[in-house]
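Q: Chains as they are written, first to last, in the working numbering: chain A, 1 to 304; chain B, 305 to 608; chain C, 609 to 912; chain D, 913 to 1216.
Selected chain A positions facing chain D (Cβ under 8 Å, derived; list incomplete):
hint, residue
1, Glu101
2, Ala166
3, Ser173
Label pairs and their in silico Cβ distance ranges:
hint, chain 1, residue 1, chain 2, residue 2, range
4, B, Val464, D, Lys992, 50 to 60 Å
5, C, Ala624, D, Asp995, 22 to 32 Å
6, D, Pro947, A, Val160, 37 to 47 Å
7, C, Tyr634, B, Lys336, 40 to 50 Å
Partial selection, computed: residues in chain B whose CB lies under 10 Å from chain A:
hint, residue
8, Val391
9, Asn413
10, Asn535
11, Met538
12, Thr540
13, Ser547
14, Val554
15, Thr600
16, Glu604
No wet-lab data here; the hints were simulated from the structure. C-beta atoms are modelled at their ideal positions from N, C-alpha and C, and glycine is treated no differently.
4 protein chains.
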Amino acid sequence: MNFEEIIQSVYYKIKAIEDRGSLASYIPELEKVDPDCFGVHISTIDNFNFGIGNYNDKFSIQSIAKVISLSLAYSKLGEKLWDRVGVEPSGTAFNSLVQLEVENGKPRNPFINAGALVVSDILISNLNSPKEDFLSFVNSLSSNSEICYSNRIATSEKNVGFRNVALCNFIKSFGNIENEPSDVLDFYYNLCSLEMNCKEVSEVFIFLANDGRTLVDNKQILSKSQSKRINALMQTCGFYDESGEFAFKVGLPGKSGVGGGIVAVHPKQYTIVVWSPKLNKKGNSYRGMRFLEEFTTKSELSIF
Amino acid sequence: MNFEEIIQSVYYKIKAIEDRGSLASYIPELEKVDPDCFGVHISTIDNFNFGIGNYNDKFSIQSIAKVISLSLAYSKLGEKLWDRVGVEPSGTAFNSLVQLEVENGKPRNPFINAGALVVSDILISNLNSPKEDFLSFVNSLSSNSEICYSNRIATSEKNVGFRNVALCNFIKSFGNIENEPSDVLDFYYNLCSLEMNCKEVSEVFIFLANDGRTLVDNKQILSKSQSKRINALMQTCGFYDESGEFAFKVGLPGKSGVGGGIVAVHPKQYTIVVWSPKLNKKGNSYRGMRFLEEFTTKSELSIF
Amino acid sequence: MNFEEIIQSVYYKIKAIEDRGSLASYIPELEKVDPDCFGVHISTIDNFNFGIGNYNDKFSIQSIAKVISLSLAYSKLGEKLWDRVGVEPSGTAFNSLVQLEVENGKPRNPFINAGALVVSDILISNLNSPKEDFLSFVNSLSSNSEICYSNRIATSEKNVGFRNVALCNFIKSFGNIENEPSDVLDFYYNLCSLEMNCKEVSEVFIFLANDGRTLVDNKQILSKSQSKRINALMQTCGFYDESGEFAFKVGLPGKSGVGGGIVAVHPKQYTIVVWSPKLNKKGNSYRGMRFLEEFTTKSELSIF
Amino acid sequence: MNFEEIIQSVYYKIKAIEDRGSLASYIPELEKVDPDCFGVHISTIDNFNFGIGNYNDKFSIQSIAKVISLSLAYSKLGEKLWDRVGVEPSGTAFNSLVQLEVENGKPRNPFINAGALVVSDILISNLNSPKEDFLSFVNSLSSNSEICYSNRIATSEKNVGFRNVALCNFIKSFGNIENEPSDVLDFYYNLCSLEMNCKEVSEVFIFLANDGRTLVDNKQILSKSQSKRINALMQTCGFYDESGEFAFKVGLPGKSGVGGGIVAVHPKQYTIVVWSPKLNKKGNSYRGMRFLEEFTTKSELSIF
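Chain A extracted, bound-state conformation (with noise of 0.2 Å):
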């Protein structure tokens, strides 16, 4: 059986169960979307494409941009990025601040609120213009060129980011922030605010499944060894604290975002990106989570 047809036949099959899952309430903005949206996209590193669904329709990435970002950071400061951030699971939510505390300031990993917050920090006092920069950096990875952030998902989420700004004035009362709070989020805020469709994602983190290099323009964006460890940390840390059920149940490298997106990678094979807005009580994509333990279940072609 082909991806083409796995993926058909899981898609109905999820399609027609319940979507126990709800639309994440703490942006307002996020909360606008059609729940029912369901897409999946595939990428080889053979140059096999194939979507279903609303694999075309653009979706708030949100924390899968920090995959990107640490891509960025990581090709600019190499093993010194791992100083100012561990790569340890964290055992905690998401924005928790009790593990902060205990360990001065360094985040456990950078997919954790805290530790993306440290990679802007780093991406601001590396990049002539941050936003610019970061945007043509996400648009080089891909054939496509149209990928931006929105404004007013950057501004529905500033308007109640009082954790974030907690998070990020924490850190820096530990010193572990260089630049200003504010200037911080706000390069935050609008990473997480990229739109993009399933297809475009899968294609942006490609390179991640090729050693490091763009299928695109055959681009070494990381070395082999850099994009493997980005890889064990989507497996170690990608899904807050259920990165230890994805990996149990799903298998591969992957990172989740509260917009409902999901992508995941089989390193020298193919990225595959989920998209479905309702959220389970961990906050990833019920029906993304779903999908993916039955594709990996039915293709046999997990890492483990």
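Based on the hints, put chains B, C and D in the right spot on chain A.
A: Coordinates of chains B, C and D only, in the frame set by chain A:
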């Protein structure tokens, strides 16, 4: 370059650098081992075997045994097992009681001590002669039938095991231990006292590289899906608070023990075992970690 | 208005309102008590005594005994005692292990279970016949000599005491218990099983209102300064996570037990004891708390 | 021996011993104070006043102001106040975020920073001109009318106040701050910047020794019961994680500030204020703690 060459070259390189670890001190008997021992053994699913250094010397496998007991319990209970123990990384030290208190006695995963105690409790409830039956199981996994418990080690650990007594009674107070704590602890100390050499460990674990089937008699110990899940758990939780680091640097599922052993599994390919008794600050073999990092870098064979 | 009138008027007022508490459920024997019992007794340092309701019925004093054991240990060790147990409120539940882990086995104060276990350990090391000698000490504090342990209660608590076994072994693992955990626990369960009536408790505690001297034979049990310090400790730590509330609403040093007893001490004036078995959510006698709040409001006699 | 003699003898004794404290370093301006200053002042409810040393020199009262703001908020809201802030000791450092996370944004008590921020928020919502009105309130409590904010100190604290920004936004994220965080913080920094001398502090606080009535014009600021409750709160929570120690060694309700001031209240008798800028490890004036311990020992006047 083949496995033999890679292993030899990495072995001598690591042997030449200073061993900065120190012997486990909390179990008196473990301090009596020769600190300079250093052995490696690989077993592939197509029956290639190669060892170097002290790969034929028995050592105390300690927590490595937790993967074997989990496999047996999983084969007995199936998915019901996960009602009593979780699948998430802990984010804290191996013998922490904090998370248990917050999560009402359900250990975060089967590889922290709390989780291994619950798995031991399950085996006691499900085996006729727990200690004998478990030993038979271990011996049935490979062609070797001389694997034994060490009374000396079990007694040594029992004599200083106040923290484990605390853990077991604490979980019992939440109702997640069915048997007498003293019986559970006795079984647990025996389990951890198993003495094996690198060759035996790599042979015993080969079923996890082989989709759940033993090589010796092609017996299906776990289903393919269950076998993958054990590997995923080792990836996210196998090295206590250094699990992220191991995934990051080595990129294979694995499990360590305070006796200085580490086993790593490359699904569909091989198992590799390193033993060197001196431990780094997180309690994992110093040379073992270094060896495996070099080995996967050189072989370019990680799962990511 | 004198004490007799105030106590009578408050007693009947509280008796008339609904008792919203519920019986302690974690020790089976404690559930067998008549839930409607309600007794009060006051003893002043000028030898006025007055009781009402079930003030002559014996009840299980439980944690109230921790003040007596602390007093005896303090008289034996002096200020060295505080090397092994702290004097700060815990901010957590009475049987929490979390803080112990963070603070390396030194309990925050002598009134949480952990602290009382360390005090028990100290007494075992410093008394010839710990159980007998402790009972003699209790009986020597008042004219009454019929105070006894309850085997029935001690055994009942022991049978469900997994959490206390956990606590004691946990502290032992940090080196802050000298004796065998089973011996310490046996002493501790007996201590908590003491049966006394309101009159006896108020007479036993009167030395703490009298600068450390008993009324019955004017014996100096503790120095004036030590006696004040015990009162200060009851004020800040006597009611677990409701200590602030008790200081706030009642305004006297005091100690409660899950048997439904509460003793309060007004330094240089009196001791007052209330017993009513049904407990509020924080584990303190519902009517006892209500009675004492009204009593100090009406008498206008708090220390603040 | 009368107060004058006791204070003189204790003052010279403490002055003669080595001051082992060190200046508060986290607010730059506070480091500029003369570290050798040492003043004491007592005010009794029968109008006896006595000062020694630098009792007439202004210092930054810092957290001592939290008692005054709490008193004003309590007089405005009555018991409703406790819906938004608790009355229990925290068991953690003064600026901890951990407990807030566990308890959903309701600070444990009004004297940790989190609680004082909520009280500031309440005052902003309930005063017409918050800063002016609060200053008038302070000046109305004593005959002195020259108490002022220090712009210099408020600005200095604001410039390094990332932790407080974090705290305030964190509480806002739970919905327990009504106003803009920047307004709440501005009010809070001004509050803490009040400059007073020992004499002024003892006069301002005398209403808490006098059942809620000022001495200067016999005005009832708080009811008798409310005044007692503030004293009880100072007793259990006034010294952060050294509250138990202060109750234990000094035996009076009190409040300290990182400017090196400590006020203690003996209900129905007096207030006493010590100022010496060098702090012990828990952040309380080294000499202040030593002085008060000796003072209550010598005067034999503690509440216990």
